[in-house]
Structures are given as structure tokens and as C-alpha cells.
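Chains as they are written, first to last, in the numbering used here: chain V, 1 to 410; chain F, 1001 to 1084.
Any given hint could turn out to be false.
[Claimed, not checked] Stretch-level coverage of chain F by chain V, calculated; a stretch enters the list once three of its residues show a Cβ under 8 Å from a Cβ in chain V: (1) 1007–1021; (2) 1058–1064.
[To be verified] Where chain F lies over chain V, by a calculated footprint (3+ residues, C-beta under 8 Å): (3) 125–136; (4) 176–189.
None of these hints come from the bench; they were simulated from the model. Every value quoted in this text rests on a predicted model; they were computed, and no experiment measured them. A virtual CB, placed ideally from N, CA and C, is assigned to each residue, including glycine.
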Amino acid sequence: MKKVVVTGIGAITPLGPDFTSLMNAVYQGQSGVKALNIPWVNQLHSPLAAPVLFPVEDQFTKLRRLMLDRVAQLGLLAVKEAINQAQLNTALDEGLTGGIFWGTGMGGAHTLEQAYMDSFSNPNARPRPTTIVMFMTNSTTGQIGIEHKIKGPSTTYSSACSSSAVAIGEAFEAIRHGKINYAIAGGSEALLTLGVMKAWESLQTLARPDHERPETSCRPFSKDRSGFILGEGAASLILESEEHAKQRGANILCEIVGYGNTTDASHITQPDANGQARAMSLALSQAGLSIDDVDYINAHGTGTQVGDISETKAIHYVFGEKAKQIPVSATKALHGHLMGATGAVEMAIALGSLLNRQIPGTAHLFNPDPDCDLDYVSEGTRVLDKLDVVMSNSFGFGGNNAVLIAQRYR
Amino acid sequence: MSSLPVIQKMLVEEFGLTQEQVQPDSQLEELGVDSLATVEFMFMLEDRFKLKMSGEPVPIKTVGDIAKEVDAAMEKQGISLTDN
């Protein structure tokens, strides 16, 4: 088996246009949650969301935008940053030994909704001829291939909130088994549309707005938590075999060592702590690490009543008496729930924590919940003397659980 | 009177091309206007000139080809530029 290393990280999120701004914001406890400033906001029960404020569209020519939904635009920007950091030249092998592994929950939600609105409001309306190629879930994947001329395998993963964690995990496996030398892995999501947001409202998993402090409305592991805030964005990693990275003299940031993927097989939305625990155990086992080795867990931590208790239980199941000693933080309080992109964004934060030897706290944990009894780093950023192994949890509707483990590269 | 000047103006406005790029013999593919973008543009032209293109596959390779198609459709449907 080959060692798999990370050589590039890119992110565009509600907390800023790049990976550095994301890390700075989570360390400072800066929230990207705000009232949307759009005409249809009055049709929502809550105007709160975590939008990307950076002028995304302006980064592409008009002609290029004809084929790019916002979800692809966000994805391409995150990939560009990661490739630049990795200084990866895909022309050297004509892209033949590289792959694309991308996650998204909904694909081009804006495009699809526009086509529906056009069609339902006017019987003679014709949706744009590019509608299909913009909303299909593999649209971003294909556009990344076109942009960077990567010609190996490309696969799109859609497992709701774990989509991009699965994408990173599967890229890790493909490199580990020697099928490819390098991969662009990550995910993007852009679903802040009226129809999608109203559908989420109906599911009753969104946070109740705090009218005095709206930016604190998402409160993972706090007793007064009431759900999550929808967000948008993208994150991308460049993964390579250690051999490939060394041959081209790349700067190796860290190593991916474990990936666990399980299915609850119990309920379409209710999480199952056993399924989550099995994913963590599988990742540890693959990494050849013990429970004593894990220094930080970036929790899925959505801020729903049921979800946070389930994850807490799952961490207890896996780590036993050690569970309360491991710092666990949920950064969704700040960047929102980026659905298909969230696993990649949170893995990027876990990797940033490893590189900076500093972990972000769980923001807005105002009222401790006796049923959530781990160390959630509620005081804010913490510098750790030993920070060599990080775990990132992602659990999706449908019952998919994906856990990634990275360690310091030596 | 040909639709060419209006088409050139629309290519500049809608696709961000320059006036120099949209000469009658300019190849659309070379401008980055692929077959999908061309269909998108034909939809825009139908809306702009209130006409219906034939829907038959026709070889459109250049900016001038678009104008020829539009001119032919307008003549057939009795639409003149002054109607728009």
C-alpha cells in the first residue's frame, strides 16, 4: 500500500475566499451566519443562512459562466487554490495518472430551480439549453477535469452531508491502492435557493433564529441548540502518493492514514451511534492507530438535539474512558452546514489545526448539556502540546458515516 | 438590412467578447463559443427578434453564419429589423 499525502488545501466558505481566511475565522470565533439580503427572504420563516459573500461570479468570464452553476464556480475556485499551493502541474503526465473525486448533495440547485420557475410560470418557456449540464450532480467534477486536464477516473459522490468526506476517503483509497498517483478531492454546495431552503424548513432541522444575536443561532452541543444553519461553499485537497509528491519535490503538508465508511441501515434521518462508532473504529484500524493516538476530533456537530447526542455517544463507544480527554469541536456553529461540501471544509479545518498546532473551539456553547459530556473546547481556540493525529467526522442523511484521519508527516 | 450589427453587439454584451473578435468570418469555436453556447445564443436571438428558428440542424461556424440564419428566418416569417 502506498502512503497518501496532502500537498494542497483550498477553501471558499462563508468565512472567506480562501483556506487562510477560513482558519483565521474559526480561531477567532467569527460567524458567517447572517440574514440573507435577497428579495424572497420574506417567504422564509428564518432569513438566516451562511452565504459566500466573495464575488464568485466575477472570477469567471461571461462565456465560461454560461456552463457553470454557482456550485461549479465555488468548486473551481477551491480547486484552483489547492492546485496553486501544491504547485501541481497536471500537464507533466497529460493528466493520465490523476483522478477527480468530488462530493455534492444537490449539484446545480440554482440552475434547476430557475428552470422549474421558468417552466411553471410560463407554459411556453424554454429552460436554458445548458440547464442539464449545469445542474447534473457531476457537473463540477467534469468542469474540474476540463479546467485542469485531468484524464484518469472521475467520480461524484452524493451521500448528503458526508458526500465530500466520502470523496476524500475514496481518493485516498485509490491512491493507496496504486490506481492513480494524485487526486483532486473535495466537494462543493450551493443550495441557498427559495425552494431548497423552504424544503429544509419543512424538515424542521434548521436552527431557531436568536433575534438578539442571530450569528450565534447554531449552537452545537449546547442545551439550547435547535438545529443548523444552511451554508454554501467548497473545499478541495490535493492528495498524492508520497512517492509522487517526493519525485516532483512537492511540499508535503500531512498524511491521510485512515478512512471509515459505514451505513446505519436504520432510519433515513435519525442517526445511529453504532454506525457512527463503527466508522470511527474502522478509520482507526486502517490507520493502525489506537484510541490513545487521537489528539483532536472535528465533530460533525450539526447542532440538532438528536445528532449531537448520537455523536457524543458514538465517541464514548469508541474511545471509552479516553473520550472525555480528547478535544472535540464543531465548527458548523461558524461556517454553517455546507451539506455536500461540509466534510471537505471540516477536514480542511482539521488539517489546518494539525499544521498550526492549534484547534478551534466550539462556538456558541452557552449552556452545557449533561447529555453532551465531552471536552468541546467551549472556551475558544486551544494550543495543544501534542497535536499529531486528527479525526474528522461526517454523517449524512441516508445513514452514511464517513470518518477521515490524518497525521503529521514525518 | 442584415441582422449582423445587432448580433455582433449582442455577442459583445452577452458573452463578453470584444468588437474586434466578432467579425463576420470569425470562427465561433475559436472565440470559445461552442455548440451549447451557440444554441443558448440562438435562444436569445429568438427572444430578441421575436422569431422562431427552424430547429433544423444547420452548420453554424462563424458569426456571419448566425446572421445568415437569422436573416433567412426573418424574411420567411415576414419580420423586419424595424419591427424590433
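Enumerated hints in conflict with the structure, sorted upward: Of the numbered hints given earlier, those the structure breaks are 2 and 4, listed in rising order.
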